[in-house]
Amino acid sequence: DQQVKQNSPSLSVQEGRISILNCDYTNSMFDYFLWYKKYPAEGPTFLISISSIKDKNEDGRFTVFLNKSAKHLSLHIVPSQPGDSAVYFCAAWDGTASKLTFGTGTRLQVTL
Amino acid sequence: DTAVSQTPKYLVTQMGNDKSIKCEQNLGHDTMYWYKQDSKKFLKIMFSYNNKELIINETVPNRFSPKSPDKAHLNLHINSLELGDSAVYFCASSTNRAGRYTFGSGTRLTVV
Chain E
1 DQQVKQNSPS
11 LSVQEGRISI
21 LNCDYTNSMF
31 DYFLWYKKYP
41 AEGPTFLISI
51 SSIKDKNEDG
61 RFTVFLNKSA
71 KHLSLHIVPS
81 QPGDSAVYFC
91 AAWDGTASKL
101 TFGTGTRLQV
111 TL
Chain C
113 DTAVSQTPKY
123 LVTQMGNDKS
133 IKCEQNLGHD
143 TMYWYKQDSK
153 KFLKIMFSYN
163 NKELIINETV
173 PNRFSPKSPD
183 KAHLNLHINS
193 LELGDSAVYF
203 CASSTNRAGR
213 YTFGSGTRLT
223 VV
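So the sequences go chain by chain: E and C. Everything in the first sequence is counted per my numbering, starting at 1 for the first residue and increasing by one. Everything in the second sequence is counted per my numbering, starting at 113 for the first residue and increasing by one.
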């Protein structure tokens with residue numbers, strides 16, 4: 001009963017190109033969607049979020065798009081840099097339950 | 113200066129032992145959490161506390177007992193450790209800002 005899914009376990013992108021990470025969810029009651037970035041031997045760190053009433057949020061090189069009808073969101077990184085190589089977790093916030101549910105993560109490798 | 117600190121970082125122990133993991137945050141957050149990342153890299157909520165009160169208690173064996181002496185600390189005690197308890201355990205804290213958590217760097221528990 002995984003409510004947040006990241007179907008691509010890994011992605012490799014050349015430096016300077018766009019990275020697109022995808023996420024699907026099943027619970028229409030989620031209020032916010034978030035992306036976290038995780039380096040090895042560190043905890044996840046918050047990257048960017050989007051309210052369920054918006055369809056786009058941008059912060060520098062990072063943009064998150066939300067398609068509520070498809071229950072799908074994506075994270076775009078433009079341009080990709082080697083330091084972006086990490087595991088990216090999609091997460092969804094249920095304000096009623098005060099609960100954050102994570103996807104299984106996508107490992108992004110940005111190559112030179 | 114570490115915002116959320118966990119100790120120990122690594123823990124290797126034998127089956128049947130009892131062990132504790134400590135977590136402290138200096139951010140003034142009201143809510144603290146324990147997450148478990150298993151071998152499939154899935155980050156799953158175990159417990160959350162708000163001002164020392166238990167808020168979330170997912171289906172976790174009762175061998176796991178969280179203890180919050182004050183709102184800056186949330187410790188995790190595990191009795192009768194089993195092989196399946198081997199995982200990375202992350203502590204986190206938040207002000208309930210729609211899923212924006214600050215995570216510790218994790219405790220890798222290995223049960224042999």
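The set of hints was computed from the structure by calculation and includes no laboratory data. Quick reminder that beta carbons are idealized off the backbone N, C-alpha and C, glycines included. Heads up, some of the hints might be wrong.
[Claimed, not checked] Selected chain E positions facing chain C (in silico; Cβ < 10 Å): (1) G43; (2) W93; (3) G95.
Unsatisfied constraints (hint numbers, rising) = none
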